[in-house]
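Trainee: Sequence:
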Amino acid sequence: MEKFQLTLLFKIIGLGSASGLIYQDNTIFAIGDNSSYLYEYHIDSNKLERHALAENSEENIPKSIKPDFEAITKYQDSLYLFGSGSTVNRTIMVQVDAKSKNVIKSQDLSDLYLAMQSFGKIAEEDFNLEGAIFNGETWFLFNRGNGKTNKNIVFSIDGKNLANEFRIVANEYKLPKIKGIRTSFTDAILVDDKIYFLATAENTDSTYNDGEVLGSIVGRIDVKKMKIDFTKKITDTQKFEGITLFKKSEKEIEFLLCEDNDTEVLESNIYKLVISK
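In this note's numbering, the protein residues as written are 16 to 292.
Simulated from the structure, these hints should not be mistaken for lab results.
Some hints could be false.
[Unchecked claim] Distance ranges between label pairs, derived from CB positions:
(1) Glu282 - Glu180: 19 to 29 Å
(2) Asp112 - Ala178: 17 to 27 Å
(3) Asp220 - Ile119: 32 to 42 Å
(4) Arg182 - Lys209: 36 to 46 Å
(5) Arg182 - Asp112: 19 to 29 Å
(6) Ala178 - Gly151: 13 to 23 Å
(7) Lys163 - Lys266: 41 to 51 Å
(8) Lys114 - Asp59: 17 to 27 Å
(9) Lys240 - Asp59: 17 to 27 Å
(10) Asp207 - Glu70: 22 to 32 Å
(11) Thr42 - Lys263: 30 to 40 Å
(12) Glu70 - Ser171: 29 to 39 Å
(13) Lys263 - Gly151: 33 to 43 Å
[What the hints assert, rightly or not] With a straight-line cut-off of 16 Å between C-alpha atoms, the simulated EDC-like cross-links for lysine to aspartate or glutamate are:
(14) Lys192 - Asp220
(15) Lys262 - Asp207
(16) Lys18 - Asp207
(17) Lys209 - Glu269
Since the structure is predicted, the reported quantities are computational estimates derived from the model, not experimental observations.
For glycine and all other residues, C-beta sits at the position ideal for the given N, C-alpha and C.
Taking the hints into account, I'd like the entire structure generated from these sequences.
Mentor: Structure representation (structure tokens):
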């Protein structure tokens, strides 16, 4: 799996600081880490819709009070959006009906996040979720190791209710460096029995403050063994924060990626990444 192609596919005007996306039936569901909307982009018509996730939803919310939705996953007819947990006001998970786009429920996951910090031996200031997967039985939540301790951890969580009934397994990974800076998880998706993940090198030891972007990698984890199969650098300059399956064949697998531009400009570039099997 050494050959890859990365190309700019299109730009979404009206969505800023994209942090996650889901592709389905020529439509993209996306989130931005400074917004309290779910975005629905229709590729054929180039139409963007916004769906409020709370009362008085806003865009470009100030950093100190934003919900910081950094992870999105889909299972059956529901979308699940997770706050990063990097501050005390970023602990909400929102479940949305993928057909009606109505909010089914919002949950405060403070207890779960505290348990994950304890179980993974992560300091509060180093906790920063940036990827989520749900397969109907197990949740996989990805801690981005861009804090001082570089704790890149995949939490496997089984439970009927993430708010108060759960069992946790933690697997920690030492990801490759780019220009001397350790890469850290920014998103992931499950395809068959493999997890494909993105990780970015950012010159900062803070989960709160941004730093110089030094590049991004793609990698794969075998779910059965929870071991990394491969990693590959795909850019020296870009910070990719979202990955979703686009197409797959016997020879290739195609993903859509979104780029976080870390600005208040309401536009997001969507790239296509093609990897040879």
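Trainee: Would you mind marking each hint as holding or not holding in the structure?
Mentor: Tested hints:
{"no.": "1", "hint": "Glu282 - Glu180: 19 to 29 Å", "in the structure": "violated (41 Å)"}
{"no.": "2", "hint": "Asp112 - Ala178: 17 to 27 Å", "in the structure": "holds (19 Å)"}
{"no.": "3", "hint": "Asp220 - Ile119: 32 to 42 Å", "in the structure": "holds (37 Å)"}
{"no.": "4", "hint": "Arg182 - Lys209: 36 to 46 Å", "in the structure": "violated (23 Å)"}
{"no.": "5", "hint": "Arg182 - Asp112: 19 to 29 Å", "in the structure": "holds (27 Å)"}
{"no.": "6", "hint": "Ala178 - Gly151: 13 to 23 Å", "in the structure": "holds (18 Å)"}
{"no.": "7", "hint": "Lys163 - Lys266: 41 to 51 Å", "in the structure": "holds (42 Å)"}
{"no.": "8", "hint": "Lys114 - Asp59: 17 to 27 Å", "in the structure": "holds (19 Å)"}
{"no.": "9", "hint": "Lys240 - Asp59: 17 to 27 Å", "in the structure": "violated (40 Å)"}
{"no.": "10", "hint": "Asp207 - Glu70: 22 to 32 Å", "in the structure": "violated (40 Å)"}
{"no.": "11", "hint": "Thr42 - Lys263: 30 to 40 Å", "in the structure": "violated (18 Å)"}
{"no.": "12", "hint": "Glu70 - Ser171: 29 to 39 Å", "in the structure": "holds (34 Å)"}
{"no.": "13", "hint": "Lys263 - Gly151: 33 to 43 Å", "in the structure": "violated (20 Å)"}
{"no.": "14", "hint": "Lys192 - Asp220", "in the structure": "holds (14 Å)"}
{"no.": "15", "hint": "Lys262 - Asp207", "in the structure": "holds (13 Å)"}
{"no.": "16", "hint": "Lys18 - Asp207", "in the structure": "violated (21 Å)"}
{"no.": "17", "hint": "Lys209 - Glu269", "in the structure": "holds (14 Å)"}
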